[in-house]
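Visitor: The listed protein sequences derive, respectively, from chains S and A. No gaps in the numbering here: position 121 of the first sequence is 121 in the numbering used here, and each next residue is one more. Converting from the second sequence to the numbering used here requires adding 391 to each position, the first position being numbered 1.
None of these hints come from the bench; they were simulated from the model. The structure displayed is predicted, hence computed values, not measured ones. Positions of the beta carbon are idealized from the N, C-alpha and C atoms, including for glycine. Hints are all accurate, no fakes.
Here are the simulated distance ranges between beta carbons:
(1) A:P737 to S:T290: 50 to 58 Å
(2) A:P499 to S:G153: 42 to 50 Å
(3) A:P412 to S:R120: 27 to 35 Å
(4) A:V537 to S:G17: 27 to 35 Å
(5) A:W447 to S:L296: 39 to 47 Å
(6) S:F62 to A:F608: 25 to 33 Å
(7) A:H632 to S:M244: 55 to 63 Å
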Amino acid sequence: MVEKIQGFLPHRPHRIGGIVLQIAFIVVIAGLACGVILNVAQNLARAHIASGFGFWNNTAGFDISQTLISYSASTSSFGRAFWVGLLNTLLVAAIGIVLTTVLGFVVGIARLSRNWLVARLAGGYVELIRNVPLLLQLLFWYNAVLKSLPPLGGSLALPGGGILNNRGLFLPRPEFGPHFGAVLIALVVAIGAAILLREWSRRRRERTGTPMHIVWLALVLVCGLPLAALALTGFPLSFSVPHMGRFNVSGGVEILPEFAALVLALTVYTAAFIAEVVRAGVLAVHAGQTEAAQALGLRSAATLRLVVVPQAMRVIIPPLTSQYLNLIKNSSLAVAIGYPDLVQVFAGSVLNITGQAVEVIAITMAVYLAISLFTSLLMNLYARAIAIVER
Amino acid sequence: MSAIGDQSLPYVRRSPAERLPPPAARAGAVGWLRSNFLSSPANMALTLVCILFIVWAVPPLLRFFLIDAVWSGADGDACLASPAQPHPGACWAFVRVWSAYFVYGFYPIGQRWRVDLFFLALAFGIVWLLRLSAPRRDIGALYFFVVLPVLSFVLLHGAPWIGLRVVPTALWGGILVTVVVATIGMVASLPLGILLALGRRSEMPVVRLSAVIFIEFVRGVPLITVLFMASVMLPLFVPEHLAPDKLVRALIGVALFASAYMAEVVRGGLAAVPRGQYEAARALGLSYWRMTGLVILPQALRVTLPNIVNTFIGLFKDTTLVFIVGIFDFLRTIEAARADPKWAAPTITVTGYAFAALFYFVCCYGMSRYAQNVEARLTRSGRR
Numbered sequence: 001m002v003e004k005i006q007g008f009l010p011h012r013p014h015r016i017g018g019i020v021l022q023i024a025f026i027v028v029i030a031g032l033a034c035g036v037i038l039n040v041a042q043n044l045a046r047a048h049i050a051s052g053f054g055f056w057n058n059t060a061g062f063d064i065s066q067t068l069i070s071y072s073a074s075t076s077s078f079g080r081a082f083w084v085g086l087l088n089t090l091l092v093a094a095i096g097i098v099l100t101t102v103l104g105f106v107v108g109i110a111r112l113s114r115n116w117l118v119a120r121l122a123g124g125y126v127e128l129i130r131n132v133p134l135l136l137q138l139l140f141w142y143n144a145v146l147k148s149l150p151p152l153g154g155s156l157a158l159p160g161g162g163i164l165n166n167r168g169l170f171l172p173r174p175e176f177g178p179h180f181g182a183v184l185i186a187l188v189v190a191i192g193a194a195i196l197l198r199e200w201s202r203r204r205r206e207r208t209g210t211p212m213h214i215v216w217l218a219l220v221l222v223c224g225l226p227l228a229a230l231a232l233t234g235f236p237l238s239f240s241v242p243h244m245g246r247f248n249v250s251g252g253v254e255i256l257p258e259f260a261a262l263v264l265a266l267t268v269y270t271a272a273f274i275a276e277v278v279r280a281g282v283l284a285v286h287a288g289q290t291e292a293a294q295a296l297g298l299r300s301a302a303t304l305r306l307v308v309v310p311q312a313m314r315v316i317i318p319p320l321t322s323q324y325l326n327l328i329k330n331s332s333l334a335v336a337i338g339y340p341d342l343v344q345v346f347a348g349s350v351l352n353i354t355g356q357a358v359e360v361i362a363i364t365m366a367v368y369l370a371i372s373l374f375t376s377l378l379m380n381l382y383a384r385a386i387a388i389v390e391r
Numbered sequence: 392m393s394a395i396g397d398q399s400l401p402y403v404r405r406s407p408a409e410r411l412p413p414p415a416a417r418a419g420a421v422g423w424l425r426s427n428f429l430s431s432p433a434n435m436a437l438t439l440v441c442i443l444f445i446v447w448a449v450p451p452l453l454r455f456f457l458i459d460a461v462w463s464g465a466d467g468d469a470c471l472a473s474p475a476q477p478h479p480g481a482c483w484a485f486v487r488v489w490s491a492y493f494v495y496g497f498y499p500i501g502q503r504w505r506v507d508l509f510f511l512a513l514a515f516g517i518v519w520l521l522r523l524s525a526p527r528r529d530i531g532a533l534y535f536f537v538v539l540p541v542l543s544f545v546l547l548h549g550a551p552w553i554g555l556r557v558v559p560t561a562l563w564g565g566i567l568v569t570v571v572v573a574t575i576g577m578v579a580s581l582p583l584g585i586l587l588a589l590g591r592r593s594e595m596p597v598v599r600l601s602a603v604i605f606i607e608f609v610r611g612v613p614l615i616t617v618l619f620m621a622s623v624m625l626p627l628f629v630p631e632h633l634a635p636d637k638l639v640r641a642l643i644g645v646a647l648f649a650s651a652y653m654a655e656v657v658r659g660g661l662a663a664v665p666r667g668q669y670e671a672a673r674a675l676g677l678s679y680w681r682m683t684g685l686v687i688l689p690q691a692l693r694v695t696l697p698n699i700v701n702t703f704i705g706l707f708k709d710t711t712l713v714f715i716v717g718i719f720d721f722l723r724t725i726e727a728a729r730a731d732p733k734w735a736a737p738t739i740t741v742t743g744y745a746f747a748a749l750f751y752f753v754c755c756y757g758m759s760r761y762a763q764n765v766e767a768r769l770t771r772s773g774r775r
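One chain only, chain S, in its complex shape (with noise of 0.2 Å):
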């Protein structure tokens, strides 16, 4: 009888099996790495690549066209090149980030507006740029947006004495003078004195009860303090305008078309992704929580700042995470328009230079993945500190 049973008994997991397998697994996985190892090195050797990191301290000899640490084709190093890609990558993703957020926060409420024009429109957005792929769009605007502004005889004047031909768009450029210190200080005292203003009126409102709008008054406090200082300190602020030579724009900030062009793929085609992100958000929250805050007398306004966005939040935050994540490994399609992001710089001139492809391409997915890494351990310890503690 017993053994009868033990015919039927489920299959356990076995201990000693499990163990052989991992064992052979790990045999396996270290064969292929010797032998990729090896064959490296032979198809090196043949090839008469030099390897290890000794490249990063030698001359570069190629030019960058935007470069935010100084640079030169001459003197600088492969190491040196390598910051300027990242700090441009870097560049790319933040203004692309604070851009795409904006846009995508807007397109998602607009989805959800009761108006039918305005959510089709949005919803419109959304379907057309998810479903086109980014390089395309990419290529869209350098080419045939960018590329086809006028050249530089035809520039055109913008308000302000912004020049914008196709070679890019050149801004005025603020030049600061001595005493522009102070008027820093005074704009880190006003900032200061409305965050106290908005905490006592807090204060006060919670032992008193009677509200007091100091919007108005910390709006005047920001801009009139570091306004005073600039006129006490005799203005010490001048613009350097654009003007047109004969071959060339010079004097401002020139901004250029491979910049705009990936800023704004990046910007447009993120922001269809969070305005999805938005949407599911605010849909998440229960509609019994708008009416219970309604119920106790919160004006729509209250009810938003202080019931819904709170909780849609804690649903958007994980997503739009991932979203801006995109956006960084995105922006290395740089290299299809010649930006010189990180991959354009490092994993594409200075790979071709070098040969060692084994040490530049680690380099390179090294970095991603420390960016993606960091940015996930914040998220986590986001994430346990909004956390809802369950009893």
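Given the coordinates of chain S, work out where chain A should sit on it, guided by the hints.
Guide: Okay, now just chain A, sitting in the frame of chain S:
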């Protein structure tokens, strides 16, 4: 409680409130218009802005793409501004002349029936797999994941022993390459993704750790770097005489990349299968593989089918990136045709991109509608 009757409470009403007028009609066309467009001054302003935007944007687009468009012509001169047509619109003649190139690339003209046959075989497999009511979808899966890859290789690459001339991949191009990359990405990434997802949920620490490292690594880096790695590092990894073809390298890169994303989707599906299903399968005496294959995976994949399709939409859009490592996919053929000096007209670039956008939009939007349908159906049948 007694305070309610107390005269001292200022906020207690003592006389009936005044009657309000009846609410405005909410039903019917007028009610719909009123509640949607004219409910408040701000809403009216929004409506007005939207109407102005549509009036500003739509007529010029219609004029450019349809009314003023040039439909036929042998070269770019037909699309240049002329006294007869001072503002020529989109140059569809360009798309017509180049359409064969956009579909087949440089695939030899006499052999293009093989590509058409491949498209047919693929469409058959897709319909079989994706129609939830199709008969014997298990055989369909076998066809799609085993028969079709072999058949496609024989058809497209060629097999001299049955009289099909070998066509080197350097001649492939256009929509053919886009579809091949997307299909191989799908066919390879689903099984790999399932294995990785099972590995990530495995009880064996070595297997679990390897799966986690692979998935998180691939998901943490951009596809371009994976493609760069595949195209410059892969040849270093193998002995020189085994160095794979350029297209094969890109395919390996895409397949690895897609499998990491697929693994996460499948993992979501596995997590949605109730614990009782595992326990019941164990209690019936099924081994791990039979439990997984017969009980868990069928349910997990069914639930996660919409997500699989959505991942595939992403993969389909991502295939454009092979352009950057020098493969002649659909987008690259557009770029190449656009640069042809014979077709040097100012409208060519926009026309080419509009055509490409239309192609990708139709494919991706169709798939996403399908995913939404399946999702609605799963919700209705209460299987989620």
